[in-house]
Amino acid sequence: MCPPEHFGVLYEINPWMHREVLVDADRAREQWANLKATLEQAGAEIEVLEAAPDQPDIVFTANAGIVNGRQFVPSRFMHPEREGEVPFDVAWFEQHGFTVDRLPDHVHHEGAGDALPFGNVLLSGYRFRSDAASHAYLSRLTGAAVRSVELADERLYHLDLTFCPLDGRRAIVAPDGWDRYGRRVVEALVPELLVLDGDDALAFCANSVVVGSNVIMPSCPPTVGRQLEAWGFDVAVCDVSEFLKAGGACRCLTLALDVTLGPQGAR
Amino acid sequence: MATEVVEVEGHIIDSLILAKVLDAILDAGAEYRIVDVEIGRASTDTSRARIEVQGPEDVLATLITELQLHGANRVEDADARLEQSELDGVLPEGFYSTTNLATQVRLAGHWTDVENPEMDCAIVVRDDGPARTAPMHRVRAGDKVVVGLDGVRVQPMERPRGANPFEFMASEVSSEKPKELLVGEVAERIRLAKDAGRKVLAVCGPAVIHTGAGPDLARLVRGGWVDVLFAGNGFATHDIESNVLGTSLGVLLKEGRPVEHGHFNHLRVINEVRRRGSIAAAVEDGYIPGGVMYECVQRDVPFVLGGSVRDDGPLPDVYSDVVEAADAMRAFVPGVRVALMLASTLHAIATGNLLPAGVETFVVDINQAVVTKLADRGSHQALGIVTDAGLFLAILADQLCN
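Each protein sequence line maps, in turn, to chains A and B.
Take the first sequence: its position 204, counted from the start at 1, is 204 in this note's numbering, and no numbers get skipped.
Take the second sequence: its position 161, counted from the start at 1, is 161 in this note's numbering, and no numbers get skipped.
Treat the hints with care, as some may be off.
If we take Cβ atoms under 10 Å as the criterion, some of the chain B residues that face chain A in the derived model are [claimed, not checked]:
#1 Glu9
#2 Ala19
#3 Ser43
#4 Thr46
#5 Arg48
#6 Gly71
#7 Asn73
Hints listed in this document are in silico derivations from the structure and should not be mistaken for laboratory results.
Heads up, the beta-carbon is just placed ideally off N, CA and C, and yes, glycines get one too.
Bound conformation, chain A alone (with noise of 0.2 Å):
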C-alpha cells in the first residue's frame, strides 16, 4: 500500500474525477489507516511504499504492475498522468529483490487493477486503460492463461472494479461492466457467481480486499452480505469515501505482493 501524503484530484482521467471536488486530507489519511488497521487484522501483512510527490494517484498500488512470484511486470498506464508513478514502483520492487520484466512500449496495461488470478488463469480487462494486445505479452512474460475480457462501462474503467475473486470457486462480478462475451468467459471461468446488479456495481462492492476468509469492502448492501456470510465469509466494512473521489476503492489501494500466476495455479 502507499499512504496519501500527496493524493488529491489533481486531473481527470476518469469520469468519477472532478477536480473542483476537494479532498479531505485528514480524512483520507483516516480512512487509509483504517483500511489498513482492517487488513491486518484480518491477518495481511502489509508493506509501505512511500508516495511520491506530484503522483496524487500513486496510492492506487493495485494499478502499480503484475506481481508473479519474485517477478514484477510494471504497467504502462493509458494516461501520462500517471506515468510518472512507474519509476517509484520499479524502484521499490528493485529494492525488495524482485526481477523486473517490461511490457514492449506499444502497448498498454494496467496491473492487478486490470487482471486478476482465478484457478489457472490471468483475467484481463482491457479497452479504458489496458489493451487486448498486451495480454499476449503478458502471457508470454509470467506464463499465466490470459483471458481477455472488454470492459463495457466507461465508469467500471478496471477490471477490479467488475471482479473479486473469492477463492478457488467463487467470485463477485458486475457482468454489466463487460461486454456479451466477456460475460461468458466468466460464467466459464467461475463456478459460483456473486452477481452484482447496476447501483452496487457503481458503489464498487466488487473492488474488495480479501484476506483467507474475511472479505474487506467500501460498502455492502444486505443482499450481497448475506450471501457472503452464507459462503462462510466475514464482512469487514471499510469507508474509502475520499478515494472514490478519484474513482477507487479499497482493492485500488493494495497490492497483492504473495501471487504466483502460471501452469501451477494462482494462489
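Following the hints, complete the assembly by docking chain B onto the known chain A.
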C-alpha cells in the same frame, strides 16, 4: 473492394477474442478468410490467427480500427521473401505451398499474378517473366523460391452467379436427382465453354469402354466437343481392343459375353500397336479402324496416357515415368474451362491436383464414394453425378451431337 490482413495472438480461443473478431468482421458487412491459425496445445500456450479481411474500403478502415481494439493488428504488407534453391529438385526449407486458387505475390511493392495456379507447388520468381508455380521436381538450383507467408495472397473463389448446375444442385453429389436434366446442364456448360474459346478436358477410366460408351465418346471427340484427353494404358488399350476385336477385356461388347481366350485380346492389341511404334502410326496404317483414340488422332486432339505399375505392355504412347506424365498433363491444363471425370479415380485425382480453382468439374462414377471424394476437393466448382458413365455419355453425346 479492399483487402487487409490482421493478426491476433493470445488465448484468443478461451477469451472468445477470435470469435469476437470474426463476428465483428461479419457484422460490419465484410468477409474474412483465415489465412493461418496456430492453436496452442497446452492451456498455457497462446494461439495465433492471421485473418484476411475483405470489404469495401470505407467499411474496412473503420473495421480495422475496431479490430485493433481487440488486439488484432494489421500485418504490414511485406514483399514476398525469396530464397534460392540449393539443389535441383529440392525446395528451400519453409517454402510457401500453393493452393489451386488464383495467387498473387508482392514484389518490389507491387502485387503481380502468379501465372499458372496449381496446388501443392512452390512459387518461383523469375527476373525475365511472371512468377510461376512449380512442382518440387521442376525447381532448379539457383531458382528464387517464395518462403514463408509474407507477400502472398490468394483470390477466394467468387460464388457462382446466375443459374448454373452448382446452384441447381442443393448438394454437390446427386444420386437422386433427374439425370437427364443434369446431363443437360453439363452439355450447356460445355457449349458455353466452347463458345468462349475455352477447352473441354475429358479424363477417362477403362470402365467407359467396358460399359459400352466408347462409340458415344468417340462421337463427342469427332464432334469437336473434347479438346484434351487424359487417361491411362487401360482405357486406350480397351478402346483399341473394342474396335479391332470387338471385345473389351475379352468381353464382346455387342453381346455382353466373354469370348474364349478373350483375355489374350488386349495383349495382342497392345503388342500390335507396339510393333507400329505409336497409336498414331497404328491409326495411319489402318490397324485401328475407329474409336476414341482413332478420333483423337484424326482430329489432332492431344491425349496424355499416364502409366501405372499394373499396366500390361504398356502402349508405346504411355508415359511410364509418372512424373513425366504429370508434366505432360500440366502442359495441356491452361485454357481448360470444363473437366469431365468419367469413371476414373486415379487419373481424376491426378488431374484434380493440377487444375486451378474455377475449372468446372463434373465427376461421373457409379460409385458414390468416388464421386464424393473427387467432388469434395475444396473451393473449386465441382459437381458429382452418381451414375453409370456409359449412360451419362450416351445422353451427353445425344444432346451435343444431334
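Okay, the hints, checked on the actual structure:
1. Glu9: holds (4 Å)
2. Ala19: Holds. Min distance 7 Å.
3. Ser43: holds (5 Å)
4. Thr46: holds (5 Å)
5. Arg48: This hint holds: Arg48 (chain B) lies near chain A, its Cβ roughly 8 Å from the closest one there, short of 10 Å.
6. Gly71: This hint holds: Gly71 (chain B) lies near chain A, its Cβ roughly 3 Å from the closest one there, short of 10 Å.
7. Asn73: For Asn73 (chain B), the interface hint holds, since the closest Cβ of chain A sits about 7 Å away, which is under 10 Å.
Violation of the numbered hints given earlier is absent; every hint is satisfied by the structure.
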